[in-house]
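Chemist: Sequence:
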Amino acid sequence: MQDDVRPIGVFDSGLGGLTVARAIASGLPHESITYLGDTKRCPYGPRDQSEVRRFVAQVGAWLNGRDVKAVVIACNTATAAALDLLQVALPVPVIGVVEPGARAAVRATRTRRVGVLATQGTVRSGSYEAAIHALDAGVRVFSHPAPRFVELVEGLLIGGEHLHEDWMANPEIFDTPPIRNIAREETEALADMGIDTVVLGCTHFPLLARPIRAVLGDDVRIVSSAEETCRELRESLEYRGDLAPDDQVPDYRFATTSDDITSFAVAGNFIFGHALESIERVDLDRVEPLPDYRNTDAGA
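Residue numbers (numbering that gives the first Met the number 0): 0 to 299.
Wrong hints could be hidden among the right ones.
As the list claims (entries may be wrong) - Simulated DEER-style distance windows between Cβ atoms:
1) 110 <-> 65: 38 to 46 Å
2) 187 <-> 280: 33 to 41 Å
3) 218 <-> 133: 41 to 49 Å
4) 129 <-> 230: 40 to 48 Å
The hints are simulated quantities; they were obtained by calculation from the structure and are not laboratory data. No experiment lies behind these values; they were computed from the predicted model shown. Glycine included, each C-beta is placed from N, C-alpha and C at the ideal position.
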């Protein structure tokens, strides 16, 4: 088996994807990671799918230039809109977060009634319904958009309060009365659906798991795709003989499209659990996007 020391590329519309990067760093501790947060254009959720596909094509081209050995789309909206684009255009495995999240939900549910909290774009795509029904056609899926959650989380992170703490060790950080009120407004439509499992269909949402649970009740299982995505990534790398050697010291590199690198570094450290020591500012408008096979076929 041949070792591969190249990094894993991970990207998101902003900071939320660092929850997935953290799971990868924990589950695959010898793997290097190159992470890009498109924070300048965050959130992706309200945008048209064609615009999101163009953004993903630019991000994919940038990561391809960093010689990554696999790409993880740590963004549900981008996965729903453009997983196929990157899988066709890139020469390496590309893993999204929708199918792993769906798989975890199907395993968790006992009543076969699953809720999905996601961005508008992910809900409109129907990607979770399709992924869950591909695994178990008998599961009833209730999808609900929570459009305010991404901007809420990004705003709290950029605001800087509590960023010296560890959000996983202290989940009460994002469980204040005002946040609970927003969580109730965004989530209560699912409370009367009889669900026993809810998928957090956005990588920002795990930071709000506690107030979401307060609305839905302690008996509702909350599923995040991060650990399942890491498991799928491990299996893919292992099958190809691309796992890093056990003696490799991982190299974590980060990039943002935001002009405020300092805020990205502070908030990123809070989510990732390690200092973001190597941060690059990227202008994706200067990056030639990967070809979108849909456009190529249409113009042929």
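Chemist: Each hint: holds or not?
Modeler: Hints and how they fare:
1. 110 <-> 65: 38 to 46 Å: Cβ of residue 110 to Cβ of residue 65: about 44 Å, so the range 38 to 46 Å holds.
2. 187 <-> 280: 33 to 41 Å: Holds - the Cβ-Cβ distance for residue 187 and residue 280, about 40 Å, lies within 33 to 41 Å.
3. 218 <-> 133: 41 to 49 Å: Violated - the Cβ-Cβ distance for residue 218 and residue 133, about 27 Å, lies outside 41 to 49 Å.
4. 129 <-> 230: 40 to 48 Å: 21 Å, violated
When held up to the earlier numbered hints, the structure conflicts with 3, 4 and fits the remainder.
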